[in-house]
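Engineer: Residue numbers (our numbering), protein chains in the order written: chain A, -18 to 400; chain B, -18 to 400; chain C, -18 to 400.
These are calculated hints, taken from the structure and not from any lab test. Where a beta carbon is used, it is the ideal one built from N, C-alpha and C, also for glycine. Possibly wrong hints are sitting among the right ones.
[Unchecked claim] Every beta carbon over 10 Å from chain A, so not counted as near; a handful from chain C, in silico: (1) N69; (2) Q83; (3) P146; (4) R162; (5) V165; (6) V214; (7) G233; (8) T243; (9) D337; (10) D384; (11) Q392; (12) Y397.
[As the list claims (entries may be wrong)] Using C-beta positions, here's what the derived DEER-type ranges look like: (13) B:P400 x A:S(-14): 19 to 25 Å; (14) C:G84 x A:S(-14): 46 to 52 Å; (15) C:A(-13) x A:A396: 29 to 35 Å; (16) C:E81 x A:E352: 14 to 20 Å; (17) C:S(-12) x A:T243: 31 to 37 Å; (18) C:G120 x A:M15: 28 to 34 Å; (19) C:Q392 x B:K116: 52 to 58 Å; (20) A:M15 x C:E112: 35 to 41 Å.
[Unchecked claim] Reference listing, derived: stretches of chain A covered by chain C, where coverage requires no fewer than 3 residues with Cβ under 8 Å from a Cβ of chain C: (21) 188 to 195; (22) 351 to 365; (23) 370 to 384.
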Amino acid sequence: MTTLSASESAELNHLLDTRQPNYGLPRQFYHDEMLYQAEMEAIWRQDWLFAGHSCQIPQPGDYFLYEVEGDSIIIVRGDDGKVNAFYNVCRHRGSVICQEPQGSVRRFICPYHQWTYDRNGRLLLQRGMQEGLDKSQLGLHAAQAREVEGMIFISLASEPVNFDPVEAVIGPEARPQGLARGRVAKIMDFEVESNWKLVWENNRECYHCNVNHPQYIKANFDHYNVDDTIPRVAERLKAVTTRLEFKLTTLGMSVRDEAGLTEFPDPDHGIWYAANRTPLVEGYVSETMDGRQVAPLMGDYKDPDVGTLRIRSLPNFWIHASCDHSVAVRLTPHGIARTSIRMIWLVDSKAEEGRDYDLEKLLPFWLLTAEQDWQICANQQRGVSSRAYTPGPLSTYKEYNLDRFLRWYIQEMKAYFAP
Amino acid sequence: MTTLSASESAELNHLLDTRQPNYGLPRQFYHDEMLYQAEMEAIWRQDWLFAGHSCQIPQPGDYFLYEVEGDSIIIVRGDDGKVNAFYNVCRHRGSVICQEPQGSVRRFICPYHQWTYDRNGRLLLQRGMQEGLDKSQLGLHAAQAREVEGMIFISLASEPVNFDPVEAVIGPEARPQGLARGRVAKIMDFEVESNWKLVWENNRECYHCNVNHPQYIKANFDHYNVDDTIPRVAERLKAVTTRLEFKLTTLGMSVRDEAGLTEFPDPDHGIWYAANRTPLVEGYVSETMDGRQVAPLMGDYKDPDVGTLRIRSLPNFWIHASCDHSVAVRLTPHGIARTSIRMIWLVDSKAEEGRDYDLEKLLPFWLLTAEQDWQICANQQRGVSSRAYTPGPLSTYKEYNLDRFLRWYIQEMKAYFAP
Amino acid sequence: MTTLSASESAELNHLLDTRQPNYGLPRQFYHDEMLYQAEMEAIWRQDWLFAGHSCQIPQPGDYFLYEVEGDSIIIVRGDDGKVNAFYNVCRHRGSVICQEPQGSVRRFICPYHQWTYDRNGRLLLQRGMQEGLDKSQLGLHAAQAREVEGMIFISLASEPVNFDPVEAVIGPEARPQGLARGRVAKIMDFEVESNWKLVWENNRECYHCNVNHPQYIKANFDHYNVDDTIPRVAERLKAVTTRLEFKLTTLGMSVRDEAGLTEFPDPDHGIWYAANRTPLVEGYVSETMDGRQVAPLMGDYKDPDVGTLRIRSLPNFWIHASCDHSVAVRLTPHGIARTSIRMIWLVDSKAEEGRDYDLEKLLPFWLLTAEQDWQICANQQRGVSSRAYTPGPLSTYKEYNLDRFLRWYIQEMKAYFAP
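Looking at chain A on its own, in the form it has when it is part of the complex:
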C-alpha cells in the first residue's frame, strides 16, 4: 500500500514513537524529506481537503484549479449542478488541459491535440486516432468531491474515509451563514516558509495572542484560558454567552460557553472536523478592527448579533464567519519547510463593492492576524530546523489543543504505516 521501503517504514515508525506526550515534535518532523513524502501519502493524498467555495463556481462549466503537491486538480460544476474534481491531465499525451487558474468551459479541450471531454470528464472526441480505442476508458481521471453548505472538499484517495459525518456535523451549524449564497470579496495567496504542521500548531493555541494579535484579542474571548480567566472576565463571558444563547435559540443555533479555544481535534474519537459558534466581546458584531458591521448580513441572519461561527477540518481548513463576512484559510504543503496558504473573504452575493462594502474595512482584521501568524511560523521553522532544537514542554493550560493536534497527527501516520 505504501511506497516506502521496508527500512524506511521501520525508520518512520521509530520516529513516530519518539514524540513524548505533552511535548512538541522532534526536529526531523520539520526537516526530513522522507517524512514529508510519508505525510503526503498518509494524510494529504488520503484525507478530505478543502478546495474552495461553491460560490467560486456557481454555473455548470465554471471551474477553478487547486494545485496539491504537483497535481493540478480541476474543480468544476457539472451539467447536473454537482461539483466534480478531475486531474488536469489529458489521457492522450498527458498535457495539462486547463492553463488558466479559473474560468468557464463548455467542454474541456486539450490544447495539444484537441482531445475533447465533457464537463463530467467523459471523452467525446479524439480526432486523428485509429478505430478501436475504447473512449469509455479514456475519460479524465477523477478525484472525489463533496459540497457542503457552500464549502467544497476533495480527496485524492480512491476510497476516502466517510464524509457523511462531516456533512451531518458541519452542515446544520453552517447553514444559517449562507456561504453558498456568498460571493468572493477577495482571495489572497501566501507562501509561508514553514512546515504545515507548525501552521496548525500556531492555530491551535491562543497562548501567543496577547502580545502578537492586539486586534484579535479586542474582539474575542478565547485567549482567556482556564488558568488566567479572572472572575470579572468569567462573569462577562457568562453574560455575553447567555444573552447570545437566548437570541440564537430563536434561530435554532447554539453557542459555546467555555473559556479558551474549543477542544479540537479529538484524536481519541477520530474527530478531524468541527463547527461551533462563540460570542464576541461586548460591542463587537463582526471580526473587524472596530467591531462594527462592514457588509450586509449574510445568509439567514436578521440581526448582526450572532457571534462568530468557526469551522475547521484537518488537515487543511478553517473559517471564521461573522454576521457580515467569512474568512476561509486553506493550507497546502509545498515542501517540508513551506506552506502555500490561500485566504478567501466572502460577503453576501447581493453585496456590491464600493456600495455595500469596502475592502479597506473588510480585510485588515484577519489579514493582520494572518500575517502576524505567518511571521511567527517562519520564525519557528528557522528555529526547529536547528540541530540544537529539542522539543519543549507544552502548557497544559493553553496548549491542550496543540497536544491534541500532534496526537491526531501521530495516530494518522501510525495507522497508515502500521507494520
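Chain A is fixed; fit chains B and C onto it per the hints.
Structural biologist: The following block gives chains B and C in isolation, referenced to the frame of chain A:
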C-alpha cells in the same frame, strides 16, 4: 561500465520494460532523477551531439563553448584548420580557462596561474612548476569532434560509435545548401521547462500542427497524414513533388513524395540520423511568413525553388533549410524537467544585415513555431509529472514517428544497461 | 559518534585515500553531497570558528548572530563581561528568539510566547506554563565561546579541542594591534559560488598573485618565492626585514624574514592557527592603494612603520592588520559549491569616519584583492565540477602551503572517521 548500483540497474531495466507498444512513456521517465542520470550516461555522454556551425569559428583560434550537463566544452578551430573539442578545465588546478562563451585565441592561457596551451590542446608553458613534470601528459583533455558540411558534432565518449555513415548520408544531401559558407544571422537561447524527450516527441509528429502552428501549415504539407489526405491534397502534393523533382535532378538532388512526416528514426536498423528534401506549398520558396525569399540564395542554389532540406540527428539536433536561410535547433538537457534549447539562423556569408536581409522578416516563421512548441512541451511536462498521469494510446496515423523515437530511446537505454 | 552509515563511512575513507601527495583533490571533494555532510560533522561542528570581533559587542547585552550551516548562534556579552554563545532557539516551541542580525538586549524574550532568558541564557520567566517544570533544565542551549585579543571564536562541539595554545600563540602576537580597542569601519558579506576548500587553496599560495593582484604585489613581498627571488629582491627583503626588526624589538615584536608565504598550516604537528609579522615594501606603511596611512594608528603603535600582522586559524579565518586598520575574513560553507564570506574592516575606536578616515581610501586594497580571488574561486569551482577534471601537480616552489592545507584537511577527516 555504468555508475549505477546493481539495484539501481535492476530497477532501471524493470522501468524500461514498462513501456507498452504504441503508448507514451510512464511518469518516471519524465520525473525520476536516477533515470535522468542513466540517460546522461547512456545517451548524452555516448552519442554524437550537434554543437554548432562551422561558420561560427572560421579561423584557427576561433572558439565557442558548449555547456553539456556540467561540462564546458571548448570547440576550437586548430592550426591545421580542423575542429577540436577540449574540456574547458586547466590540468593544473582545474579552473575553467575560457570564460567568454565565444572568442578567438592565439593560445589558451589559464587565468589562474597562466598555464598555457596551444590551439591543439598541448601544454606549452607552466611557469613556476618544478622540473621533471611531463608536459606531454598535461595537455587539455579532449573530446571527439567531427565536421560535416558546416555542421560540427562532438562526442564525450572515449570510443563513440562510427560517425562515417552520418557523413556519407547527410553530407551529400547537405552539400548544395552550403552551410559551411554561411554566416550567423541570429542565435537565440531558450530554457524550456520540459524533459528533452518531450521536445523530441513534439518534434516527431505534426498531429498538433493544425491548431498550434497556423503559419507552419501554410508553408508545408507534412501535417497531411495518410488518414486525412483528401484526393485534392494528394494531387497537389504529387504535382509539386513531380515539378520539384524535375528541377532538382539537374542539381543532383532528390525529393521525397509521401504524405506526413518522413519516417525517423529507424530503431530497427539503428538509424539515428537522416536528411531529406521536401516540397513547400505552391507559391512558397522559403519557410517565411509569406513564403517569399528573405535573403540571398545560399550555397549552390541558382533558383529559389528548391523546397526545404531537413536534417536531424539524435539525441539533440534538427535543421530546416530553405533556399535562403537555415534554422538549426540544438537541445541540451538541463535536469529531468528542463531543456536548454539553442536556435541558430544562418544566411549566406556574403549577405549583409540591413542590405540583403532583415531579421524582422527572417526570424518570425521559426521563432513563432518554436515558441508555440516550447509552450506545448512545458504544458505537457506539468501534466506528465502528475501522479495521475497514465500513458495514453498513440495515433497510428499521425504519431508513428513518436513511437519510433520512443523505441529508439528504449533500445539505446537497454543496450547500454543490459544486465 | 558519526551520523554516516557504515557503507558511507567506508566510501568516505576510500575517497580520503584517493588523494595523491602533491596533487590537488579529486572531483568528489568539490561535488559530493555526502562528503559535504561529513565535513560539516568532522570539521565545522568540531573546530573553533572565528565569529567576529569583540568590538562588535562592547557592552553587556550587545549581541550579533552567526549563521553556521542552518544554526543561528547568538554571540552575546554577558553580565560579567564575558562572551557567551547560545543557539538562537527557544526551549519552548523552538522559535528563533533574536530576529535582528545584531542588537542589544536586557533579556532575551522569545517573540512567540514571551519565554524570557537572561544574558547568561538562564530561563527566567515562562508565564502560562504549569507548575512543576524545572527552569534550570530549560536554559538556552550553549555553544563554546572564547575571546582572545579582540577576536571571538566559538565551537559547536560539546568537547572542543583545547583552545589555550591558540591564546598562547596568537595572543602576544596580536596584542600590540589593539583589535579589542577597535571599531567596525565596514562589514561586507559575499556569497561565492565555490567550495570553502578552494577559497583556502587560493589563500594559501601567491603563485596567482602576479597576474591577478596588481595592487597586492606592489605592497608585499610574499609573491617572491624561493625559486624566483632574484638577488636584488633578496637583498631588498633582507634590508627591510633587518630595519623593521630593529624597530620592533623596542616594542617586543618580531618579524619574519623568509621568501614566500609563511608555512601554514602544519599538519604534521597539528597546528591549525598561526600569527606572524612581515615587512611591507619600501615606502608602504599600510596595505592601501598607495601604501600611505589612511587612519589613525591602532593599538600600542607609536610609529606607522610596523609591517603587517597576519593571523589565521582553520577552518574559517584570516586577518591582515596594518598600523592603521585590519581586515578580517570569515568563511562559512553554504553547501558543497558555495561559501558565505564576511569581511570586517576595523580602525581604532577613537577614529571618526569623515574626520579621521575615509572608506574610499580604506577599502579598495583588500576589496579588490578579495573580489579578484572570489572570481578565481568561482572559475575553479566550475572547472573542478566537470567530470573531465583530474587533479594536477602542485608547484613545490609555490604551492607548498596548499599541499599543507590539503594534508591537514585529509588528516582531520581521517581522524574523525577512522574506522
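Engineer: Hint by hint, say whether it matches the structure.
Structural biologist: Evaluation of the provided hints:
With a closest Cβ-Cβ approach of about 7 Å to chain A, C:N69 is found to fall inside the 10 Å limit, against its non-interface label. Non-interface status of C:Q83 relative to chain A is upheld: no Cβ of that chain comes within 10 Å, the nearest being about 17 Å off. The claim that C:P146 lies off the interface holds: its Cβ sits roughly 27 Å from the closest Cβ of chain A, which is beyond the 10 Å cut-off. Separation of C:R162 from chain A is adequate, the least Cβ-Cβ distance of about 33 Å exceeding the 10 Å criterion.
The Cβ of C:V165 lies farther than 10 Å from every Cβ of chain A, with a closest approach of about 25 Å, so its non-interface assignment holds. Even its closest Cβ contact with chain A, about 51 Å, leaves C:V214 beyond 10 Å, as expected for a residue assigned away from the interface. With a least beta-carbon separation of about 42 Å from chain A, C:G233 lies farther than 10 Å from that chain, consistent with its non-interface assignment. Non-interface call for C:T243 relative to chain A: holds, since the shortest CB-CB distance, roughly 36 Å, exceeds 10 Å.
The claim that C:D337 lies off the interface holds: its Cβ sits roughly 39 Å from the closest Cβ of chain A, which is beyond the 10 Å cut-off. Even its closest Cβ contact with chain A, about 33 Å, leaves C:D384 beyond 10 Å, as expected for a residue assigned away from the interface. Interface exclusion of C:Q392 from chain A stands, the closest Cβ pair being 25 Å apart, more than 10 Å. The claim that C:Y397 is not at the interface with chain A holds, since no C-beta of that chain comes within 10 Å of its own (minimum 17 Å).
Restraint check, B:P400 to A:S(-14): a C-beta distance of roughly 22 Å satisfies the suggested window 19 to 25 Å. Our hint of 46 to 52 Å for C:G84 and A:S(-14) holds, since their Cβ atoms are close to 47 Å apart. Against the hinted window of 29 to 35 Å, the Cβ-Cβ separation of C:A(-13) and A:A396 comes to about 33 Å, which satisfies the hint. A hinted range of 14 to 20 Å for the beta carbons of C:E81 and A:E352 is consistent with their spacing of about 19 Å.
The hint said 31 to 37 Å for the Cβ distance between C:S(-12) and A:T243, and at roughly 51 Å that hint is violated. Checking the proposed 28 to 34 Å range against C:G120 and A:M15 shows it holds: the Cβ atoms sit about 32 Å from each other. Distance hint check: the CB atoms of C:Q392 and B:K116 are about 32 Å apart, inconsistent with the given range 52 to 58 Å. In this structure the hint that A:M15 and C:E112 lie 35 to 41 Å apart at CB holds, the actual value being about 39 Å.
Against chain C, the stretch 188 to 195 of chain A contributes 4 residues with a C-beta closer than 8 Å to a partner C-beta. That satisfies the three-residue criterion, and the hint holds. Only when three residues or more bring their CB closer than 8 Å to a CB of chain C does the claim for the stretch 351 to 365 of chain A stand; here the count is 6, and the claim holds. Counting residues of the stretch 370 to 384 of chain A whose beta carbon lies closer than 8 Å to any beta carbon of chain C gives 9, which reaches the threshold of three, so the coverage claim holds.
Hints 1, 17, 19, counting from the list given before, are not met by this structure.
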